Amino acid sequence: MDRWFLILATLFAVIAGVWGMVSVHRGSRSPWTVSWMVAVLVCQVGFLSLRGQQRAACPLADFGEILAFLSWSLTLFYLLVGPAYRISLLGVFTAPVVMVFQAVALIPGILDSEPARMAGGNPWHETHAATSVLGYGALALAAVAGVMFLVLDRQLKEQHLKSGLFRNLPPVRELLVSLERLLWLGGALLTIGITAGFMMPHEGAPLGHLIAAVAVWTAYALLLTVKSVRGLTGRKLSLLTVALFILSLGVFAFI
Amino acid sequence: MELICLGLNHKTAPVEVRECFAVGNTKLGASSSELIAMTGVSESVVISTCNRTEFYLVGPDARVAFERLEAHLADTIEVHHIAKPHFYRMEKSAAVRHLCRVVSGLDSMMLGETEIFGQVKHAYQEALDAGSTATVLNKLFQRAFGVGKKVRTETTIQIGSTSVGNVAVDLAEKIFGHLKDSQVMILGAGEMSRITAQSLVSRGARSIFVSNRSYDRAVELANDMGGQAVRFDDWQSVLERVDIVISSTGSPHAIVHRADVEKARRARKFRPLFFIDIAVPRDIDPAVGEIEEVYLYDIDTLEQLAQEARSRRQQQIEDCERIIDAELAKMNLPGM
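As given, the protein sequences belong to chains W and F, one line each in that order. The opening residue of the first sequence carries number 1 in the working numbering; numbering runs sequentially from there. The opening residue of the second sequence carries number 1 in the working numbering; numbering runs sequentially from there.
Note that these hints are calculated values from the structure, not bench results. Incorrect hints may appear among the rest.
[Unchecked claim] 30 Å max Cα-Cα, derived DSS-like pairs, lysine-lysine:
#1 F:Lys11 / F:Lys92
#2 W:Lys157 / F:Lys149
#3 F:Lys180 / W:Lys162
#4 W:Lys236 / F:Lys149
#5 W:Lys236 / F:Lys11
#6 F:Lys263 / W:Lys162
Just so it is clear, the structure is predicted and the values come from calculations on it, not from any experiment.
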């Protein structure tokens, strides 16, 4: 049953992405993207709550659950940020990322088919896992905004201004402001997550992923410091945000 | 009951004739009321914009309605006899089609413009409030507004700016969003700079800095626009603060070089910078456009974009006419 929720969420993400792209190609913006993404979120919540019941803990015990949780976090932040800041097309760019994460989670063997109950859960551990993945959701959305900026920047630089995509992309400044806010939000959540990670008991448990997480945190902190103190061009900020997010996914290899 | 339309517009009459027939926005209702006071006229709407004045009348006999209206105009407007050849006269379905084309922006000087829709709506509302409309014109105008909306939603007739100034403003909004947080510098106090800067101000741009070789001219333009004059030797220092630079000096060579912008980048914290070069010869070295956060558009590019928008609108005419034909076929209006 839990898998069906994830399959449905993936299908809704496909619809949101494809429908949105077709509309953009036709020169308009789909008014349904938010609705489809709400449907994605509902199904993700269904999946995570069933897995949570089975685990009797926050469902972040295998790679599939982490990807599903990350997708939920990404969708949640899109729904909080996109419509509120009127960032058009953010949903169209977010849906494919959600779809890819969830499709990977659905590959046989990635999700435990019979999730074991987690005995003696530690609150620091749960805080560490949940806030870290939430932070990754915000950073993923920042990367999505970065990709949107790079597309728009290229179109403006090369003066290709006729496409429906150009007409519907949000302004450069709004994209950069949102990207920076998402980086701060992701960074703050990651800080809480890592702090909780150091507070949880580590008897015999490998610290590899925590060290990798600290490296990721340091990289993001450096990026935000440089941006705030010295300043960065939109292109460099976007490229670094996308590159850092892709590299930061490597942390999960240590779990 | 028969419907007639008598009018003149930018295609049929020069401005010196059009201005004699212009009716103020606040007088449209009274003007409509005057017309229904004539015998042989039961309903009327008067539309008046800078490009047209049109009278839509309904009466038992179209010929009589035309005679009464022309007699009324001859009595009230001295030059009516000179203007007579500039008028177009339409009846029944031709008048309906004409109104639909007007509302859709197909009869406008700037093809596809949207302002006319609001202007006709206002004129109709004034006539309605004045009690000079009834069954025929109420139905006609409501249907025409429906057709106008359909044309705009089902075609792209209104998409894209058709003037250099508007293209520049649209691009500025694509880069900065709301212009209320944007500061603008004008290099060279020429007419094109003034027009483009005014378009930016009308969309919210707040601080304007004007720099010109003749400082007095810069002060004059700055005062006109509520901005601040800057000595020509000091424009580089203002570059650190502004988001948009409009350049239109008469200089025979480039005045903004890559090095000038490079110097300001650090202080600007690498924020986006939009250069609009509307001078010929160009004021801004093309190498400036190679800087990452700089978007540089010259007059040829802006004109090309405006021309493309105009061509796209032209290509849409056939689709718009098809929609109007289809909607006219569905209409079953009295007086047609």
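Checked hints:
1. With a C-alpha separation of about 22 Å, the suggested pair Lys11 of chain F and Lys92 of chain F falls inside the 30 Å cut-off, and the hint holds.
2. Proposed proximity of Lys157 of chain W and Lys149 of chain F is contradicted: the alpha carbons are some 35 Å apart, above 30 Å.
3. Of the pairs offered as hints, the one joining Lys180 of chain F and Lys162 of chain W holds, with about 26 Å between alpha carbons and a cut-off of 30 Å not exceeded.
4. For the given pair, Lys236 of chain W sits about 43 Å from Lys149 of chain F by alpha-carbon distance, which is inconsistent with the 30 Å threshold.
5. For the hint pairing Lys236 of chain W with Lys11 of chain F, the CA-to-CA distance comes to about 52 Å; that exceeds 30 Å, so the pair is violated.
6. Of the supplied pair hints, the one linking Lys263 of chain F and Lys162 of chain W is violated, its CA atoms being roughly 33 Å apart against a limit of 30 Å.
Checked against the numbered hints above, the structure breaks hints 2, 4, 5 and 6 and satisfies the rest.
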